[in-house]
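Asks: With the hints as a guide, dock the two chains, each given alone in a separate frame, to form the complex.
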Amino acid sequence: MNSLAALIPLFPLVGFLLVLILPKSTTREPVSGWIATSAVLASFLTTVISFVWLLGQSEREVTIHLFSWLSVGSLNVDAAFLLDPLSVTMCLFVSGISTLIHLYSIGYMHGEKDFKKFFLYLNLFVFSMLVLVLGNNLLVTFVGWEGVGVCSYWLVSYYFTKDSAASAGKKAFIYNRVGDVGLLLAMFLLFSHFGSLNYLTIIGLGSTIPLSSTVALLIVLALMLAASGKSAQIPLFNWLPDAMEGPTPVSALIHAATMVTAGVYLLIRMSPVLAWSTSGRWVIAIIGGLTAFVAATVATSQKDIKKVLAFSTVSQIGYMILAVGTGAYSAAIFLMVSHAFFKALLFLGSGSVIHSLNGEQDLRKMGGLQKYLPLTFPTFLIGWLAIAGIPPFAGFWAKGDVLTNVYAFSKPLYVLGLFTAVLTAYYMSRLFVLTFRGDERFREVTEGHDPHESPWVMTVPLVILAVFSALGGLLDLPWAHSMSLAGFLDPVFESTVSPVLGSHMSEFLLAGADAAAGIIGLLIAFSLWKSTSPWPRFESSFFEKVWRWDDFYDFTIGRPLQRVAQFGSTTVEPKILDGAVVATAVSVRRSAEGIRKIQSGFVRHYALVVVVGMMLVVLFLVARSW
Amino acid sequence: MTIPESWFLMLAAVIFGIGMFGLLTRRSALIMFMCIELMLNAVNLTFVTFSRSLHDIGGQASVFFILVVAAAEVTIGLAIVVAIFRRRQSTAVDELSELRG
Chain A
1 MNSLAALIPL
11 FPLVGFLLVL
21 ILPKSTTREP
31 VSGWIATSAV
41 LASFLTTVIS
51 FVWLLGQSER
61 EVTIHLFSWL
71 SVGSLNVDAA
81 FLLDPLSVTM
91 CLFVSGISTL
101 IHLYSIGYMH
111 GEKDFKKFFL
121 YLNLFVFSML
131 VLVLGNNLLV
141 TFVGWEGVGV
151 CSYWLVSYYF
161 TKDSAASAGK
171 KAFIYNRVGD
181 VGLLLAMFLL
191 FSHFGSLNYL
201 TIIGLGSTIP
211 LSSTVALLIV
221 LALMLAASGK
231 SAQIPLFNWL
241 PDAMEGPTPV
251 SALIHAATMV
261 TAGVYLLIRM
271 SPVLAWSTSG
281 RWVIAIIGGL
291 TAFVAATVAT
301 SQKDIKKVLA
311 FSTVSQIGYM
321 ILAVGTGAYS
331 AAIFLMVSHA
341 FFKALLFLGS
351 GSVIHSLNGE
361 QDLRKMGGLQ
371 KYLPLTFPTF
381 LIGWLAIAGI
391 PPFAGFWAKG
401 DVLTNVYAFS
411 KPLYVLGLFT
421 AVLTAYYMSR
431 LFVLTFRGDE
441 RFREVTEGHD
451 PHESPWVMTV
461 PLVILAVFSA
471 LGGLLDLPWA
481 HSMSLAGFLD
491 PVFESTVSPV
501 LGSHMSEFLL
511 AGADAAAGII
521 GLLIAFSLWK
531 STSPWPRFES
541 SFFEKVWRWD
551 DFYDFTIGRP
561 LQRVAQFGST
571 TVEPKILDGA
581 VVATAVSVRR
591 SAEGIRKIQS
601 GFVRHYALVV
611 VVGMMLVVLF
621 LVARSW
Chain B
1 MTIPESWFLM
11 LAAVIFGIGM
21 FGLLTRRSAL
31 IMFMCIELML
41 NAVNLTFVTF
51 SRSLHDIGGQ
61 ASVFFILVVA
71 AAEVTIGLAI
81 VVAIFRRRQS
91 TAVDELSELR
101 G
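In order, the protein sequences belong to chains A and B.
Counting with my numbering, you get residues 1 to 626 for the letters of the first sequence.
Counting with my numbering, you get residues 1 to 101 for the letters of the second sequence.
Same shape as in the complex, but just chain B (with noise of 0.2 Å):
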């Protein structure tokens, strides 16, 4: 038996509104991140789901391309979060809003 697309893609939304709501509700940087990753795999299920149905290998080339993207961001991200925490001491990002107008 196959699982119908439907549902890959409902539990795509589903991890995608997690990730959403984390990123809006949470204030440490390193969980925030770890939301924006989950949102991104959300996006990868879908392409990969649509690819598969729709017989179109763009959709999983655009994941590779998503993962490196997401790792190169995770790394410079991740550096920027231990550069301000040794600064700091902290990682909540409602306490560094220096750069505000």
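The following block holds chain A by itself, in its conformation from the complex (with noise of 0.2 Å):
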């Protein structure tokens, strides 16, 4: 039964290979994305049934040993799968909203050239998703991990004949691999220190064998690293917006709801390493607050649709990553679970807004959308409710979840939330006004016709995910604790800091600070954006430009990198190198023109000098006798 759980990557894998190898005739446009979105499905029961099964044990702790993978010296890593609340209920949110996306790319991929490829990339993601989540060691993780890297990479630049998508791949896959060597270094010093690289053992040995602490805050500074590529954080954050340039689905699925979230993954499956380094816990939350506001402030002044959604995906992000400093794991996976479902709803929403104006993403050129889209519009309603945190919708609860940690664990750092909260709600409220609300400024895109509602596939995943966005707080109240999310992740956080707030009544206060943040974001912004034109002048061009931190990057490393090439091609290149290679022609036909001299072509000065050498042979030979 336990064995059950080794189908869940499995089934997208067939699903991949299905899709590979079947011939062309049998896979053309619908057949080959059901045979994806059924692959996922599949794996999304396995989950459950495996989910189920787990809540029947009293030891929620099952290794899958599938096969002994690497044996080299000490280093023994097998391939083998942890099943345990924590994985299983990642699992269950990446294969549940894996399943939606599927299903609403059929309709919103309709008509694509490379519909095929598109279901083959998205299927090979969820299996290294899921292998990233389940991996019972570092190593198994990292395949993963790296798997997830490369499908982004394709599915950024799935329109890879335009230059903007192609150069977008690039920059993701190339702050990735920074990323990455994170949790290379993070990998070396684990097994350097405790000779393996499985989650249980490390955390089992960590009790017993004293670290440094250096070296425990070099461990979690490389984790931290790790999870900054991939989660979209500072330093590393801004490949995720231009990551925008992939299908609306792509961006829903993987830079909103599943593989950015795998950086604070996993540094929650590392928690009890964190323990050991107090101040690598302080960096990654101010790392993560730092990260929530920047991202906030830049997504206020964002003029296109997707650019707004990913800028607030690196905000929450950063929510979560603060929750992880703060030692608050189950809240930062409930926020995780949340926000899944309602940054997956705002996309696909979005994604059915940009279907209906025929690819347009600018909000300028939106508004009004409102009658026009009458299923989009409820659920990215519910959605902008859920994410800007008005109660009773998912979002209070999972972000309240997570500034109550924050409260107790540092006042600045909960101050920074809060305003990240008011901002949060401040520019989807824009995002929403402009999009839904006020004149019509389509018709040029549309050239005059009435935009149009999605497909039933893109719409039944919509209404699902508001279904869960809206009902998503009951996964975990705050009152219920010991009976919900929480009460079935903690008994893998063996080190987890309950937050001392002292009574129910500061409790309930935090909330109301929550709820009234949300508010009166809401309000700021709906008085600012009443009318739409003239567009409000404060959009300030620094937030727009993302605090100038590309140019910063820029600066610092494109041009002096760029001037080194620079001096290499204009100096080592031509004067060094080709210098050198020229150099040894020249002396070769220089001292060749001497030579050549002797080759007279006249028999008679070969013959003389046979002879004089004959006779200096002769000569040497009387000399030696005497």
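If you're looking for bench data, these hints aren't it; they were derived computationally from the structure.
Check the hints yourself; a few may be wrong.
[Stated by the list, open to error] Computed far set for chain B versus chain A, every beta-carbon distance over 10 Å: (1) Leu23; (2) Ala29; (3) Thr46.
[To be verified] Partner residues are not named here, just some residues of chain B that face chain A (Cβ under 10 Å, in silico): (4) Val14; (5) Thr25; (6) Arg27; (7) Met32; (8) Met34.
Cβ atoms here follow ideal geometry from the backbone N, Cα and C, with glycine treated the same way.
Replies: What follows is the structure, given as structure tokens:
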């Protein structure tokens, strides 16, 4: 029974292989999409069965050994999965949301030239993500980690004939590679100290083998570098907004709901390791808080609907990282799950909007869509209220849970988080108003037609996700922690720091503050964006240009490297390398010009040389005999 | 009375010198060939002389080899000279300097 969980990642792999090898005639447009969708659905159902089975077990930590993978010296790595409350929770929402987004994609990708390729990558992505989540050691996780990275690269540059899409894919991949270095370093450090990469072994040995605080800090920082690459945190966050060049379902699945949470998952999986270094956890918390704030400010002045959502994703993951830093792991997971619901919903909703406007993404060319999209509008409304933190939707509970823990950890970070919550409500309301309310500014892009609602394969996932976004809070109500998500997850985190708040009173006050933050942001946005023309003037280009972050990298890394390359191409290559080659050729030619005179072509010259040579030999012999 | 060996050697040296002088001074391929033959036979003469004075048959054996090789060389050499003559109506070697560097 327990080996059933090995099927969870297997189904998407089979789906991938089927779509790959079946002849073209059998995988024409809708069929490959349905194969991929049913593969992921099977994976989701298997996860549900495993989940139910795990609930019935008293020992909820099951290792599924597949085969021995590497055995070199003292390094023994098994291809094995670890089924525990954490991984099963991750699998549930990853496979569940993947199923919905696969279904949605069948409608969204209709008529694309590379329809089959899209589902191929999407299935491979789900497989990699599930391997990442289920792996019982860092190396198996690393395989999944790289797998999702490469699928993300392929899918971001899906429209690779477009220059911006191709370079966005490269950017995403390179930023991720920088983060991967962190994961590799963490693996090296952990292996050199514990001789194992297995999560349970490392965590078990951690309490018996003391680690110097420097090494512990280094490990935590390396893990954080890995997480900031994959989860788009400062200093590696700028790849995510560019990744919106991919098709919208990809943005929803990979760059909002699942892959970008892999960094958070890694940190949570290594949570006992984080407990070894308090300063490391402070670094994590501060990076998370700052990212949440910076990304939220940027989101307030973006003009592309998907860019707003992308920065909002960065900001929300910042919250999760902040929660991890404060030790509130189950709060981070709670926010991750509810964020996956409402952010997937918002992205799919925006995809539906973009679909209805023939691919237009500019907020300035939207507005007044409320009456044309009867299903997209109410579902988007729920997603908007959920992310803005308006009770009783999922975002309120999840963000409230995080902020309560932050309050117990550090007051300045709490203030930052609360201010970010106001910003979140503001930019999401701005997005909502600009898209669905106000004047109809889209006539130009639709060539005078009315926008049309999307087909059922696209609206059904919207409705399901809207239900979960609305009711997601039920997963973990603050007064029922023991019988909810947190109660299910907590055994995994031996070192959870539960907030010490004193009384229920303060908890209610904090919840009130969260709700107030959401409502204030909402009111500001509605009063500012009542009329959309003229465009309000305070949209700072500093925010729009992402705090000049790209320019900063361009200045500190790009330009100097470009100068080095310039020096190489103007000096080293033509002068030093070419010079050496040319000098060799010239010296050979010069010396040859001297020597060739000997070859006069006259036989008697040659004969003379022979005679002279002979005489020299004779002279030598005569001289020697004397 | 026996002729002293030094006479044979001197004769050989004289023939060799004549051959060498001819080789270096004449322009006709055919004459140069004959000069080479002179030099070869001068060498043969020294071989035979030493073979006799040292009572070693090896010298005479070498002469046979040289004769055979010289015959072969003459065959090919004359063939080349004839081929050149057919093309150029001349065997003056100074005109044959296309292969100079």
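Asks: For each hint, tell me whether it holds in the structure or not.
Replies: Outcome of the hint check:
{"no.": "1", "hint": "Leu23", "verdict": "violated (5 Å)"}
{"no.": "2", "hint": "Ala29", "verdict": "violated (8 Å)"}
{"no.": "3", "hint": "Thr46", "verdict": "holds (13 Å)"}
{"no.": "4", "hint": "Val14", "verdict": "violated (16 Å)"}
{"no.": "5", "hint": "Thr25", "verdict": "holds (8 Å)"}
{"no.": "6", "hint": "Arg27", "verdict": "holds (8 Å)"}
{"no.": "7", "hint": "Met32", "verdict": "holds (7 Å)"}
{"no.": "8", "hint": "Met34", "verdict": "violated (14 Å)"}
The structure is inconsistent with the numbered hints 1, 2, 4 and 8, although it conforms to all the rest.
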